[in-house]
Amino acid sequence: MDHDTGRQGGDVGTPAPATPQRAGSAAGAAAPTGGWLTEEQQEAWKAVFGLASLLPGPLDAQLQRDSGLSLFEYSVLSSLSMTPGRSARMSALARRSSGSLTRLSNVVRKLEGRGLVRRSPDPSDGRFTVAELTQDGWDVVESAAPGHVDAVRTHVLAPLPPEHLAALVDVAERLGVMPQQVDDC
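So for the sequence shown, the UniProt record's numbering puts the first residue at 1; every next one is plus one.
A hint or two may mislead.
[As the list claims (entries may be wrong)] Pair ranges (Cβ atoms, derived):
{"hint": "1", "residue 1": "70", "residue 2": "36", "range": "32 to 40 Å"}
{"hint": "2", "residue 1": "49", "residue 2": "153", "range": "17 to 25 Å"}
{"hint": "3", "residue 1": "147", "residue 2": "39", "range": "34 to 42 Å"}
{"hint": "4", "residue 1": "48", "residue 2": "123", "range": "24 to 32 Å"}
{"hint": "5", "residue 1": "175", "residue 2": "153", "range": "40 to 48 Å"}
{"hint": "6", "residue 1": "112", "residue 2": "56", "range": "19 to 27 Å"}
Hints were generated in silico from the structure; no laboratory data involved. Beta carbons: idealized from backbone N, C-alpha and C, even for Gly.
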């Protein structure tokens with residue numbers, strides 16, 4: 001372990017606190033004191049960190065190369081394409097896209113500039129803003145989807161047996177990181 005960085009060899013770059021080996025202690029012993037992670041917890045954290053930091057890279061690269069979209073931009077367009085009327089309140093769209101409202105607003109402004117979405121006041125409550133997928137936006141989603149689906153299959157789904165797919169969903173739900181459906185459109 002590199003004691004300056006707290007990283008072990010082969011680490012994915014996570015700043016998670018490593019479990020130092022104290023004299024007379026065995027790996028996998030009871031939870032260390034002082035806020036350190038157990039070996040099992042450290043391995044789990046490194047796995048989650050790796051998923052969150054490394055997995056989006058190849059998916060984003062494929063979308064950039066084939067469609068000129070970032071993974072988050074595609075997520076926004078795709079989410080809108082699956083909502084009734086292809087429109088949603090910005091707050092609901094942020095939850096579904098797993099992004100902050102600020103990040104979503106910046107991306108929607110950019111997509112609006114490209115003619116892929118349009119924003120307008122919510123007709124049922126003018127205090128809210130609605131984002132709506134344009135026909136050009138729909139065309140981009142339709143064009144980008146096959147390559148993106150292939151990349152998701154290659155990098156995420158194909159390496160895993162079906163029971164691991166269900167386990168991933170369970171973990172995401174337990175951690176509260178499953179994107180929400182856009183119910184309040």
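Report task. Could you see if the CB distance from residue 147 to residue 39 stays within 34 to 42 Å? Result -> Hint holds: Cβ distance 40 Å, inside 34 to 42 Å.
Query - Hint check for residue 153 and residue 175 - Cβ pair distance inside 40 to 48 Å - result: This hint is violated: roughly 24 Å between Cβ atoms.
Report task. For the range 19 to 27 Å, tell me whether the beta carbons of residue 112 and residue 56 fit it or not. Result -> Between residue 112 and residue 56, where Cβ atoms are some 24 Å apart, the hint holds.
Query raised in the report: Per the hint of 32 to 40 Å, is the separation of the Cβ atoms of residue 70 and residue 36 within bounds?
Result: Given about 36 Å between the Cβ atoms, the range holds.
Requested in this report: Using the beta carbons of residue 48 and residue 123, state whether their distance is inside 24 to 32 Å or not.
Outcome: Violated: the Cβ-Cβ distance is about 41 Å, outside 24 to 32 Å.
Query raised in the report: Do residue 49 and residue 153 keep their Cβ atoms within the hinted range of 17 to 25 Å?
Result: The hinted range 17 to 25 Å holds for residue 49 and residue 153, with Cβ atoms some 23 Å apart.
Hint check: violations occur at hints 4, 5; the rest are consistent with the structure.
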